[in-house]
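Visitor: Sequence:
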Amino acid sequence: MGTDRADRTGARVGGPEPQREKKKLSRSFAMMTGLGVVLVLAGLVGLVYTGLATLTTMFLFGWLLLIGGVVGLLQAVQSRKSNYFWLAVVVAAINLAAGFVILRRPEASAEALTMFAALLFLIGGLFRLVGALVVRGSHFGLAVVQGAFGILLGFLILSNWPGNSLYVIGTFFSLALLFDGLSLVAMGMGSRRILGLVKEDEVTEEAGAADGAGEATEKRPTEDQEQSNN
Numbered sequence: 001m002g003t004d005r006a007d008r009t010g011a012r013v014g015g016p017e018p019q020r021e022k023k024k025l026s027r028s029f030a031m032m033t034g035l036g037v038v039l040v041l042a043g044l045v046g047l048v049y050t051g052l053a054t055l056t057t058m059f060l061f062g063w064l065l066l067i068g069g070v071v072g073l074l075q076a077v078q079s080r081k082s083n084y085f086w087l088a089v090v091v092a093a094i095n096l097a098a099g100f101v102i103l104r105r106p107e108a109s110a111e112a113l114t115m116f117a118a119l120l121f122l123i124g125g126l127f128r129l130v131g132a133l134v135v136r137g138s139h140f141g142l143a144v145v146q147g148a149f150g151i152l153l154g155f156l157i158l159s160n161w162p163g164n165s166l167y168v169i170g171t172f173f174s175l176a177l178l179f180d181g182l183s184l185v186a187m188g189m190g191s192r193r194i195l196g197l198v199k200e201d202e203v204t205e206e207a208g209a210a211d212g213a214g215e216a217t218e219k220r221p222t223e224d225q226e227q228s229n230n
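In the numbering used here, the protein residues as written are 1 to 230.
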């Protein structure tokens, strides 16, 4: 009975199906870590070659707008009997036109996006600073610092515009890749470490179950012998 219980416990804990699932999880975490490393390397390269990163960002943005415009136009044609047909057609046409302009004039598009980013930093920082001063919540100091930093960053971008348009977008894009890659690497390595700890716990449980089965097997002949003597 003890041996059968131990066999069932071992099959439940360390059977082929759980082992297969663990291998899939381990491969998924390894792929996540590898993708994070690729993003980190791309971010570092982009920080070194900011001009190239800016142009690459513009081309990617332009192609995304073109593809989105084509998909939106196809969806509008498929749903041409709906009430939103002309609105979908106008939105798709705007996306197509914007993507075409960005691909034809990436430098001018980078200047426009740099101006837009500076205005966003200015307006966002101003609203955050005013909101922190009015509300004065528990994170008052952090909100004030964030608002002041946004306003300062917006002024710094506008002070050197349009000369800085060739590296501002690329720098932001490279930093986003870098931090996303670091987060993926941390998540992948942490998940693999947790999976390794789970494996160690299961090995310990299997060893304990095997020891218990062995003790039960050793005790059983002794009890049978005592009953036969009585």
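To be clear, the hints were calculated from the coordinates, so they are not data collected in a lab.
C-beta atoms are modelled at their ideal positions from N, C-alpha and C, and glycine is treated no differently.
Careful: at least some of the hints might be erroneous.
Unchecked claim - Cβ-Cβ distance ranges computed for the label pairs, FRET-style:
1) Met-31 <-> Leu-133: 31 to 41 Å
2) Val-45 <-> Ile-123: 41 to 51 Å
3) Phe-116 <-> Leu-74: 22 to 32 Å
4) Asp-180 <-> Gln-78: 33 to 43 Å
5) Ser-183 <-> Lys-23: 34 to 44 Å
6) Gly-163 <-> Ser-138: 19 to 29 Å
7) Met-31 <-> Leu-52: 34 to 44 Å
8) Val-101 <-> Leu-41: 23 to 33 Å
9) Leu-35 <-> Val-134: 39 to 49 Å
10) Val-48 <-> Leu-120: 42 to 52 Å
11) Leu-133 <-> Phe-155: 36 to 46 Å
Visitor: Going through the numbered hints above, which ones does this structure break? Give me the numbers in ascending order.
Guide: Going through the list in order, the structure violates hints 1, 2, 5, 6, 7, 10, 11 and respects the others.
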